[in-house]
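Respectively, the protein sequence lines represent chains A and B. Here the first sequence is numbered in this note's numbering, starting from 1 and rising by one per residue. Here the second sequence is numbered in this note's numbering, starting from 1 and rising by one per residue.
Hints were generated in silico from the structure; no laboratory data involved. Beta carbons are placed, not taken as given, at the ideal position from N, Cα and C, and that holds for glycine. Treat the hints with care, since some could be wrong.
[Unchecked claim] Derived, one-sided and incomplete: chain B residues facing chain A with beta-carbon distance under 7 Å:
#: 1; residue: I166
#: 2; residue: Q169
#: 3; residue: A172
The lines below spell out each chain.
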Amino acid sequence: MSTLIQTEIPDQLMLQAKQMVERGWAVDINSIITESLRRYLESHQEGLSEQFIREDVEWGLKGDD
Amino acid sequence: MTDPLPLSRGSVIKVVSDAGPIIHLDELGAIDLLADFQLVYVPDEVWIEVERHRPQAIRRIAAQLSKCSPPNCERVDSIKAVYSLHRGEYAALCQCMVFKNALLLTDDTAARLAAKALAMNAHGTIGLLLRALRRSHLSKDETLRLLREIPQRSSLHVRPSFLAEIIEQAAAFSPAPRFAR
Chain A
1 MSTLIQTEIP DQLMLQAKQM VERGWAVDIN SIITESLRRY LESHQEGLSE QFIREDVEWG
61 LKGDD
Chain B
1 MTDPLPLSRG SVIKVVSDAG PIIHLDELGA IDLLADFQLV YVPDEVWIEV ERHRPQAIRR
61 IAAQLSKCSP PNCERVDSIK AVYSLHRGEY AALCQCMVFK NALLLTDDTA ARLAAKALAM
121 NAHGTIGLLL RALRRSHLSK DETLRLLREI PQRSSLHVRP SFLAEIIEQA AAFSPAPRFA
181 R
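Start from the sequences, fold in the hints, and give me the full structure.
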């Protein structure tokens, strides 16, 4: 299942995406956008943010610097 | 807030900051905690971002900040797209690559992930507040107050129940005993 979306993308970004498709790095623009969104969501997960803050707490309270 | 920290006592570690911690600490009225580092390197792109969102932060801690223009770095280039890094984050990571064992200050998850991929140390605003408690630059009461004020006074987002957990840990903190040499 998929959802059709309409969005504005900066010209330069679109140009780079087209070049990637032309060079064979991606099947089409749709796959680049889907992959970009997937990677963005992966790297901004709440669990991940909290894991980093836990590391901050450990460093803050128990660090040796 | 405690008295401003004497510059000469600052930690000697090389520190590079992204915009987040500078903005968040200033929002909390705790920007002077950065004075615990001898110098904080701030790439041009980050400087511009802070000036746009929180110009007073730069003025308050200007003597502690060193504006820099890091060269592009191939290793950071190679992961820039993967982590959707913005210009400031990218520049801060490049500046960290200039130094050995630099500490990156950032509250951005993607930048933290990228730092991990590059084997860099990175910590954020909450780490800095708790470090100040450990190093006795903030009292426990001040630290707890600042942590509690994060949702109201700062643009740093932390899930309320998670923040409560952090506050509990800070409240339970007792400094390690120091032995006479």
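Quiz item: Does the structure break any of the earlier hints, and which numbers would those be?
Solution: 3
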